[in-house]
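S.K.: Could you put the whole structure together from the sequences, leaning on the hints where they help?
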Amino acid sequence: MKILFIEDHPLKQAQINKFVVENFSDCQIESKNSYISGLKELIKNHSNYDVLLLDISMPNYDISSEDSGGDWMPLAGKNILKEMYLRDIPTKAIVVTMHGSFDDGTKITELDSELKKEFSDNYIGYVFYSQLNEDWKDKICQLLKTFEK
5 MKILFIEDHP LKQAQINKFV VENFSDCQIE SKNSYISGLK ELIKNHSNYD VLLLDISMPN
65 YDISSEDSGG DWMPLAGKNI LKEMYLRDIP TKAIVVTMHG SFDDGTKITE LDSELKKEFS
125 DNYIGYVFYS QLNEDWKDKI CQLLKTFEK
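At position 133 of the sequence shown (counting the first as 1) the number is 137 in my numbering, and the numbers step up by one without a gap.
In short, the hints are calculated from the structure, not lab data.
Since this is a predicted model, take the numbers as computed values, not measurements.
Cβ atoms here follow ideal geometry from the backbone N, Cα and C, with glycine treated the same way.
Please note that the accuracy of each hint is not assured.
[To be verified] The following label-pair restraints were derived from C-beta to C-beta distances:
id, residue 1, residue 2, range
1, Asn49, Lys143, 24 to 32 Å
2, Glu70, Ser117, 37 to 45 Å
3, Thr110, Ser29, 33 to 41 Å
4, Ser134, Ser51, 28 to 36 Å
M.R.: In C-alpha coordinates form, the structure reads like this:
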(Lines of atoms letter the chains of each structure in order from A and count residues from 1; the text may use other names and numbers.)
(Lines give C-alpha, C1' and ligand atoms only; values in the text may rest on other atoms or scores of the structure.)
Protein backbone atom coordinates (compact mmCIF):
# COMPACT_ATOMS: atom_id res chain seq x y z
CA MET A 1 0.00 0.00 0.00
CA LYS A 2 1.35 3.42 -0.97
CA ILE A 3 0.24 6.39 1.10
CA LEU A 4 0.66 10.13 0.64
CA PHE A 5 0.47 11.84 4.05
CA ILE A 6 -0.02 15.63 4.04
CA GLU A 7 0.61 16.77 7.63
CA ASP A 8 2.44 19.74 9.16
CA HIS A 9 2.74 18.58 12.79
CA PRO A 10 6.03 16.60 13.12
CA LEU A 11 5.13 14.55 16.21
CA LYS A 12 1.68 13.61 14.91
CA GLN A 13 3.21 12.70 11.56
CA ALA A 14 5.96 10.59 13.14
CA GLN A 15 3.59 8.70 15.46
CA ILE A 16 1.11 7.92 12.71
CA ASN A 17 3.84 6.93 10.23
CA LYS A 18 5.41 4.59 12.80
CA PHE A 19 2.09 2.99 13.70
CA VAL A 20 1.02 2.48 10.09
CA VAL A 21 4.36 0.99 8.99
CA GLU A 22 4.38 -1.36 12.00
CA ASN A 23 0.82 -2.57 11.30
CA PHE A 24 0.79 -2.76 7.51
CA SER A 25 3.80 -4.75 6.34
CA ASP A 26 3.81 -3.76 2.68
CA CYS A 27 3.40 -0.03 3.26
CA GLN A 28 5.29 2.97 1.89
CA ILE A 29 4.55 6.51 3.08
CA GLU A 30 5.52 9.74 1.34
CA SER A 31 5.08 12.76 3.61
CA LYS A 32 4.52 16.39 2.67
CA ASN A 33 4.22 19.22 5.18
CA SER A 34 2.04 21.94 3.65
CA TYR A 35 -0.86 22.71 1.34
CA ILE A 36 1.31 23.59 -1.67
CA SER A 37 3.86 20.77 -1.38
CA GLY A 38 1.10 18.23 -0.76
CA LEU A 39 -1.08 19.45 -3.60
CA LYS A 40 1.84 19.49 -6.05
CA GLU A 41 2.77 15.92 -5.13
CA LEU A 42 -0.82 14.76 -5.43
CA ILE A 43 -1.36 16.40 -8.83
CA LYS A 44 1.94 15.13 -10.23
CA ASN A 45 1.95 11.59 -8.81
CA HIS A 46 -1.59 10.69 -7.69
CA SER A 47 -1.51 7.43 -9.65
CA ASN A 48 1.35 6.26 -7.39
CA TYR A 49 -0.81 6.34 -4.25
CA ASP A 50 -3.54 4.04 -2.97
CA VAL A 51 -4.69 6.45 -0.28
CA LEU A 52 -4.18 9.98 1.00
CA LEU A 53 -3.92 10.74 4.73
CA LEU A 54 -4.85 14.39 4.99
CA ASP A 55 -4.67 16.94 7.78
CA ILE A 56 -7.30 19.68 7.61
CA SER A 57 -5.37 22.69 8.99
CA MET A 58 -1.87 23.47 7.75
CA PRO A 59 0.39 26.24 6.47
CA ASN A 60 0.33 27.31 2.85
CA TYR A 61 4.04 26.47 2.33
CA ASP A 62 6.60 24.25 4.04
CA ILE A 63 8.00 25.84 7.18
CA SER A 64 11.79 26.25 7.23
CA SER A 65 14.41 28.37 8.97
CA GLU A 66 13.99 30.94 6.16
CA ASP A 67 10.21 30.71 5.68
CA SER A 68 7.33 30.86 8.17
CA GLY A 69 5.07 28.82 5.90
CA GLY A 70 3.00 31.72 4.66
CA ASP A 71 -0.65 32.07 5.61
CA TRP A 72 -2.26 29.52 7.90
CA MET A 73 -5.02 27.62 6.10
CA PRO A 74 -7.59 26.38 8.63
CA LEU A 75 -9.40 24.27 6.01
CA ALA A 76 -6.52 23.43 3.65
CA GLY A 77 -7.49 19.76 3.57
CA LYS A 78 -10.96 20.65 2.30
CA ASN A 79 -9.32 22.77 -0.43
CA ILE A 80 -7.17 19.78 -1.43
CA LEU A 81 -10.29 17.62 -1.71
CA LYS A 82 -11.86 20.34 -3.87
CA GLU A 83 -8.80 20.35 -6.17
CA MET A 84 -8.99 16.55 -6.39
CA TYR A 85 -12.64 16.83 -7.45
CA LEU A 86 -11.93 19.53 -10.05
CA ARG A 87 -9.00 17.57 -11.53
CA ASP A 88 -10.72 14.15 -11.44
CA ILE A 89 -8.05 12.71 -9.15
CA PRO A 90 -9.52 9.37 -7.98
CA THR A 91 -7.30 8.80 -4.91
CA LYS A 92 -9.27 8.00 -1.75
CA ALA A 93 -8.71 10.29 1.24
CA ILE A 94 -8.82 9.87 5.01
CA VAL A 95 -8.76 13.05 7.09
CA VAL A 96 -6.58 12.85 10.21
CA THR A 97 -7.17 15.75 12.58
CA MET A 98 -6.49 16.65 16.20
CA HIS A 99 -9.10 19.44 16.20
CA GLY A 100 -12.70 18.95 17.27
CA SER A 101 -13.61 22.29 15.70
CA PHE A 102 -11.95 24.74 13.34
CA ASP A 103 -11.30 28.49 13.13
CA ASP A 104 -14.59 29.15 11.37
CA GLY A 105 -16.53 27.37 14.15
CA THR A 106 -17.20 24.23 12.13
CA LYS A 107 -17.17 21.04 14.22
CA ILE A 108 -15.42 17.93 12.87
CA THR A 109 -18.72 16.02 12.77
CA GLU A 110 -20.27 18.78 10.64
CA LEU A 111 -17.22 18.85 8.38
CA ASP A 112 -17.37 15.06 8.05
CA SER A 113 -20.98 15.25 6.80
CA GLU A 114 -20.09 18.08 4.43
CA LEU A 115 -17.07 16.24 2.98
CA LYS A 116 -19.08 13.03 2.50
CA LYS A 117 -21.69 15.00 0.57
CA GLU A 118 -19.36 17.16 -1.53
CA PHE A 119 -16.50 14.73 -2.18
CA SER A 120 -18.07 11.27 -1.96
CA ASP A 121 -15.83 9.90 -4.73
CA ASN A 122 -12.70 10.59 -2.67
CA TYR A 123 -13.49 11.11 1.01
CA ILE A 124 -14.00 7.96 3.07
CA GLY A 125 -13.89 9.25 6.65
CA TYR A 126 -11.89 10.90 9.39
CA VAL A 127 -9.67 9.89 12.28
CA PHE A 128 -9.55 12.03 15.42
CA TYR A 129 -5.91 11.91 16.54
CA SER A 130 -4.89 12.57 20.14
CA GLN A 131 -1.60 12.20 21.98
CA LEU A 132 -3.60 11.51 25.16
CA ASN A 133 -5.26 8.29 24.02
CA GLU A 134 -4.87 5.68 21.32
CA ASP A 135 -8.44 5.43 19.99
CA TRP A 136 -7.16 6.79 16.67
CA LYS A 137 -5.17 3.59 16.10
CA ASP A 138 -8.28 1.41 15.82
CA LYS A 139 -9.98 3.87 13.49
CA ILE A 140 -7.00 4.32 11.19
CA CYS A 141 -6.54 0.53 11.01
CA GLN A 142 -10.20 0.05 10.17
CA LEU A 143 -10.06 2.59 7.33
CA LEU A 144 -6.68 1.52 5.93
CA LYS A 145 -7.55 -2.21 5.87
CA THR A 146 -9.80 -1.51 2.89
CA PHE A 147 -6.66 -0.68 0.87
CA GLU A 148 -4.62 -3.79 1.66
CA LYS A 149 -3.85 -5.89 -1.38
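S.K.: For this structure, which hints from the list above don't hold up?
M.R.: none
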